[in-house]
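Quick mapping for you: the protein sequence lines, in order, are chains Z and U. So the first sequence is numbered by our numbering: it starts at 1 and just counts up by one. So the second sequence is numbered by our numbering: it starts at 1 and just counts up by one.
By construction, these hints were calculated from the structure, which means they are not laboratory data. We put the beta carbon where it would ideally sit given N, CA and C, even for glycine. No false leads were mixed into what you were given.
Stretch-level coverage of chain Z by chain U, calculated; a stretch enters the list once three of its residues show a Cβ under 8 Å from a Cβ in chain U:
hint: 1; stretch: 53-59
hint: 2; stretch: 65-76
hint: 3; stretch: 84-94
hint: 4; stretch: 104-114
Calculated lysine-lysine pairs in the DSBU-like style (CA-CA distance at most 30 Å, straight line):
hint: 5; chain 1: Z; residue 1: 100; chain 2: U; residue 2: 611
hint: 6; chain 1: Z; residue 1: 83; chain 2: U; residue 2: 209
hint: 7; chain 1: U; residue 1: 175; chain 2: Z; residue 2: 62
hint: 8; chain 1: Z; residue 1: 100; chain 2: U; residue 2: 278
hint: 9; chain 1: U; residue 1: 611; chain 2: U; residue 2: 278
hint: 10; chain 1: U; residue 1: 278; chain 2: U; residue 2: 538
hint: 11; chain 1: U; residue 1: 278; chain 2: Z; residue 2: 96
hint: 12; chain 1: U; residue 1: 561; chain 2: U; residue 2: 407
hint: 13; chain 1: Z; residue 1: 83; chain 2: U; residue 2: 486
hint: 14; chain 1: U; residue 1: 167; chain 2: Z; residue 2: 62
hint: 15; chain 1: Z; residue 1: 62; chain 2: U; residue 2: 225
hint: 16; chain 1: Z; residue 1: 83; chain 2: U; residue 2: 167
hint: 17; chain 1: U; residue 1: 431; chain 2: U; residue 2: 344
hint: 18; chain 1: Z; residue 1: 96; chain 2: U; residue 2: 190
hint: 19; chain 1: Z; residue 1: 83; chain 2: Z; residue 2: 100
hint: 20; chain 1: U; residue 1: 515; chain 2: U; residue 2: 278
hint: 21; chain 1: U; residue 1: 420; chain 2: U; residue 2: 282
hint: 22; chain 1: U; residue 1: 57; chain 2: Z; residue 2: 52
hint: 23; chain 1: U; residue 1: 538; chain 2: U; residue 2: 548
hint: 24; chain 1: U; residue 1: 538; chain 2: U; residue 2: 365
hint: 25; chain 1: U; residue 1: 278; chain 2: Z; residue 2: 83
hint: 26; chain 1: Z; residue 1: 100; chain 2: U; residue 2: 190
hint: 27; chain 1: U; residue 1: 190; chain 2: Z; residue 2: 83
hint: 28; chain 1: Z; residue 1: 62; chain 2: U; residue 2: 57
hint: 29; chain 1: U; residue 1: 420; chain 2: U; residue 2: 486
hint: 30; chain 1: Z; residue 1: 83; chain 2: Z; residue 2: 96
hint: 31; chain 1: U; residue 1: 190; chain 2: U; residue 2: 225
hint: 32; chain 1: U; residue 1: 469; chain 2: U; residue 2: 486
hint: 33; chain 1: U; residue 1: 407; chain 2: U; residue 2: 548
hint: 34; chain 1: Z; residue 1: 83; chain 2: U; residue 2: 225
hint: 35; chain 1: U; residue 1: 515; chain 2: U; residue 2: 611
hint: 36; chain 1: U; residue 1: 486; chain 2: U; residue 2: 225
hint: 37; chain 1: Z; residue 1: 83; chain 2: U; residue 2: 420
hint: 38; chain 1: U; residue 1: 175; chain 2: U; residue 2: 57
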Amino acid sequence: MNIQSGKMRTADSRTGNRQPSVGRRAAAIVKLLCVLVLAGGLANAYIYLTQKITETDREIRKTQHEIHLVDRELDSLRVRREKFTAWPHIRDSIAKYNLKLHLAEPGQIRSLALIPPALAPNVSVASRAAGQGGIRTAARTVDRGVRQQ
Amino acid sequence: MNWLRRKRPLRSTNDLIRGRMRWLCLGMLVVAVALGVRLYFVQVDNHERMYGLACQKYITTRVSSGRRGEIFDVSGNLLVGNAPCINLVADPSLMSDRMRREVARVLAPLLDRAESYLYDRLAPTRVVRDEKGDPVLNEDGSPRTRPMRHVILVRSLSPEMGAELEKVARSHRFKGLFFREDYVRYYPKKRMLANVLGLTNRMPDDSLKGISGIERFFQDRLAPKIGRERYERDRLGRPLVHGSYEGSAGEDGLNICLTIDEPIQSILEEELDVAYEKWRPKAIYAVMADPATGNIMAIAQRPTFDPNDRRSIAPEAWRLRFLEDGLEPGSIMKPFTVAWAIDKGVIRPETRFDCEHGVWYYLGKPLRDTHEYDSMSVSDIIQTSSNIGTAKIALEFGADNVYDGLKHFGFGEYCGLPLKPETRGILPPVKRWDGLSVTRFPIGYGVLVSPVQMVRAYCALANGGRLPKLRIVDRTVDPETGEIRKEPQAEPVMLFRRPETAGEVVAMMKRVTQKGGTARQAAIPGFEVAGKTGTSRKYVKGRGYSTKYFASFVGFVPADKPAFVLLVTTDEPHGASYGGVVSGPVFRAIGERVLKHLRIEPDPARQAGEKK
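All chains should be built: construct the whole structure from the sequences, respecting the hints.
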């Protein structure tokens, strides 16, 4: 008589393919879903950020181009300003409009330093009195060599 | 026949699946191995070639250049700048013959060019020529041609004109026309300081190269740095955000600030124009310098040119006369020998010399004065500009000492201004002097001096005997960083042993513009002017001294604390020849206005005395 003392083992139990419980299966699915959601979220964030960076980069390029155009415009204006503030042009204009201008005597000229309000506290009283530290004054333009009439 | 009857062992479904899976795995393994091998060949074995191909496609190199540095005056007023412009460029290979004709027809009136000229420029091929300009032939005798993909139709269009043309091109749907942004060298002050500033030429690589003046001398500093950027690009050629990037963009050239003061330069040039019109000379030039620092405050010549209009450039206007030309200065040379003799203690201002009633024969050759003077003091000799008196002082002083003195004042030496070419004049060594040289060199004959040398020497007299080094460039500024680099300023060299020598010479020179002097017309009301006139005959090779003159006046004001030294030289004036008559009034006109500009007030006591 063949007496077996142990439990009867089925084929499944021998191979270890035991059916998991419903709870375990649900937990595994939840874990998997979490990982997928996390991975998807990360991928989404990466795509979103990359897209944003590309858009910002495009904006930067557009702004840079606008700055470049404005720079060229400024260069053009600066050259024109220099042309108009040159003495030959001023002299011709004086003659054209028949302005009775003459060169100021040294005692008649006073410098007025125009200091921007934000910078005013930083400029010493002495330099203010001496007419320094401010921007170029109108006096400088006036006395740039007007020929005595 | 048992084997026929032998049955195949029964296999379960699982066994079948296991078998298939093994085959599948084996297949996948083979594929994986094959891919691995292929990957090895692509990534390892052929890496360089493949990487090169990829780079060609995705990596591009952009060569960019900054802008050429600009030139300013001492206060930051722009003298040479870069004006934005548009170059009209065409790619004829993108155009049909019909379109080329249409482009030429439409653009010709707008560009003020002949239609045939534009059509020829738009030819899709061009004949290849050798160094001599002859066409290179093919084996069959036909001229060899090359395709044209880049033709500059018009350069330096104004931005407004460029925009208008672009609109026209778009409305006509022209293909192959491009509007490239560029900068053109622009001189907003036109003729002002043109000779000193110089010109640039466009080189084959499209860069600008200075060919004269400051533009040439400071080419290295003004030239922009070429930048090379290597980056991964997208389909439209834009750099990829996360792509590789190496290199750097081009950088602007350094800006240069001169010691020139634009308002003073304007005054000087305007008065030169007036004198040029009045005396109709061959040329007239003036140099003004600060005697304390050696800074050139203004410098100009007539004739000159407008650098914006190259057609106005004539050979006689092109030269830097005040630097290149040596002239026999005449009497403006006299104070130097006298000053050196006083400093050595050989003479005193009151030492008297016999001036031989206007004619003195030395070694059989006559030397004349303009008036018949009797015995005169050294001070009177300077005031009346006596040739005989100065020659006798030089004889008493000795040739070696005369040479030593003139050499110390910088004659025969380069001034060191950053401009080329420069003459150093002619002051031969004593061993090459003949018997007459000692009587002729001190009165400004037989020596050649450039106007700039003369100004430097007078700076020494005005500056208490300290000879400064002349400067015309004050500083360079890096436009990117704002970093300022000051040009070195050498300490003036003291020439005199006796501190009172300079004062004594200045006192003599003050009398030149006073009653009895040769340059009363150079006197400025309210100020003491120290100066000296010079009238020298021009030497014509092979024919001796002609009846043409250099008329000069050089002086400084206020005499005891000079604000500037100014030399005015008129070359071949018409209607008068004396320095005091021709150049003296120009000195006065310039001096009066410059003193007002510098806000130097006249002496009230002196003004009152002059009114009386």
